[in-house]
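Once you've looked at the hints, dock chain X against the given chain E.
Chains as they are written, first to last, in my numbering: chain E, 1 to 171; chain X, 1 to 359.
Everything labelled a hint here was simulated from the structure, so no lab data went into it. As the structure is a prediction and not an experimental result, all values here were calculated from the model. Incorrect hints may have been included.
As the list claims (entries may be wrong) - Selected chain X positions facing chain E (Cβ under 10 angstroms, derived; list incomplete):
| id | residue |
| --- | --- |
| 1 | 34 |
| 2 | 35 |
| 3 | 37 |
| 4 | 38 |
| 5 | 39 |
| 6 | 75 |
| 7 | 211 |
| 8 | 315 |
| 9 | 320 |
| 10 | 322 |
| 11 | 323 |
| 12 | 324 |
| 13 | 335 |
| 14 | 354 |
Claimed, not checked - Here are a few chain E residues that sit away from chain X, every Cβ distance over 10 angstroms (derived from the structure):
| id | residue |
| --- | --- |
| 15 | 12 |
| 16 | 71 |
| 17 | 81 |
| 18 | 87 |
| 19 | 148 |
All C-beta atoms, glycine included, are put in the ideal place defined by N, C-alpha and C.
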Amino acid sequence: MAYYNVSRPSEKLTWRERIYLPELFKGLRITTRHFVVNLALHAVRLLGIKTRRRGAVTFQYPEERRPLSPRLRTRHRLTKREDGMPRCVACMMCETVCPADCIYIVAGELPDPNVEKYPVRFDIDLGVCVFCGFCVEACPEDAIRMDTGILEIASDSREEMIYSIDRLLSG
Amino acid sequence: MAEAGIALIKIAVVLGFVLNLAALLTWAERKQSAVIQDRIGANRASVFGLRLFGLFHIAADALKMLTKEDHVPQTAEKFIHGAAPFISFFFALMGFAVIPFGDVLRVGGREIPLRILDLNIGILFIFAAIALEIYGSVLAGWSSGSHYATLGGMRGSVQMFSYEIAWGVSLLGIFMVYDSLDLNRVVLRQGDLLWGVLPKWGIVTQPLGFLLFLAAGMAITKRVPFDLPEGESEIIGYFVEYSGMKFGLFFLTDFVLTILISALLATLFFGGYQLPYLEPDGFRFPWGATWSLDHYTVVFLQFVALVLKIVFFCWLLLAVRWTYPRFRYDQLMDLGWKVLFPLAVANVILTGLVLTLIE
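Next up, chain E with everything else stripped away, as it sits in the complex (with noise of 0.2 angstroms):
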């Protein structure tokens, strides 16, 4: 088995440290550094004075929202034709990849000799999805999508974790 030799620091503590009492300012230093810092750049905000650092890392979460990546998975959508139908073919394959098994497609078919076929029912049940993604990679048709923005999914009931269609349509 491979292994990885890693010199540690001798645990035997210096005598400084035994005595321990000049570590214990060290560590008080940093916290008093810390507070009379971050208070400084408070009240200097305050007074609307504008500074590089802001004195906490905080994001106030519902006014304030951190910037999501681009690549990050979030709630499902569903693409659309130019005509309005939804661009899903219901070829079944995100229903087959999907791993928690979340994804209910009946298709329907279509006079269009193009097309073919549609889904008459497409529901995600969101109470069950892992959000892997493999729906989206899976998908020939550019139809399903994972880039709402939207994260915060809930709901009182079970029932309303469901998804359906004209949800999932209307962005």
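Same frame as chain E, but now just chain X:
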């Protein structure tokens, strides 16, 4: 009759100060820890959209505690279970009776000593109060009918044994130097000047005693580096079976003790209500300048000085609480018995030697 009225007013002033400061400390603890850790801290409670840096959280917390269900476990000793938080809280508050917050106030030919109790054994009174305070947590642990709580209470009492001795002995030096157990006389003597310049504060005459007292005092507040009796989430403390305002009282007791230790640190080691060079008739600086003030201004300045010192030490104790991790139990015993106690005894011997040499 007038005596009783004056005593009541003094009690109201001291209790009002201590309880309000304790409530403020619950807010300060959250905010200070947040600022130390680059966070913002509680700021959501608002009245008509006014947030005021989260100060309303004090009221919100109190309201929550008061309206919560007060659950008493079936196996508990009901009476003692109910009485324990009050024992803790009462004795923690009792210590403030002998803390002097001024010398004397002369109003209308009457001399009012500015402390609730004018005891000539003041510090022993505080020792007694703090020793009884631990009964609250031991009884709480025992009466809860839960093994975890009992163990927590046991840890509390053993920690007390390890620290009270070092705590008491660390103060002996102070009483040898200032020659009195009366806290007001200790404070008055700290107003003297050493070599005509340096105020003769306890920190100057007893630096080692100060460190020992600070360490042992933090153990008495049962807060983080020494929070083994409580151990909120991991080792489960004596108040695990308490809910609602009874838990709130235990919670508040810690802050009251923090203020008591701060007040003692200020009184014994930082000159209490003394301001450097402030005599009863005004400032008299060592370089000859004088600035005479009337009696009321002096008393007011002295009171403000004491309050500022107490607030500073509260800040220090909170900063310490958010800096160090908890001691392991054997480390705590080691520190109490093998380090603090011998050092305190050495401090007493050293002080005695120096005092004899000076004479």
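Verification of the supplied hints:
no. : hint : result
1   : 34   : holds, 7 angstroms
2   : 35   : holds, 5 angstroms
3   : 37   : holds, 7 angstroms
4   : 38   : holds, 5 angstroms
5   : 39   : holds, 5 angstroms
6   : 75   : violated, 38 angstroms
7   : 211  : holds, 7 angstroms
8   : 315  : holds, 9 angstroms
9   : 320  : holds, 7 angstroms
10  : 322  : holds, 6 angstroms
11  : 323  : holds, 4 angstroms
12  : 324  : holds, 6 angstroms
13  : 335  : holds, 9 angstroms
14  : 354  : violated, 22 angstroms
15  : 12   : holds, 17 angstroms
16  : 71   : holds, 28 angstroms
17  : 81   : holds, 46 angstroms
18  : 87   : holds, 44 angstroms
19  : 148  : holds, 28 angstroms
When each numbered hint is compared with the structure, violations occur for hints 6, 14.
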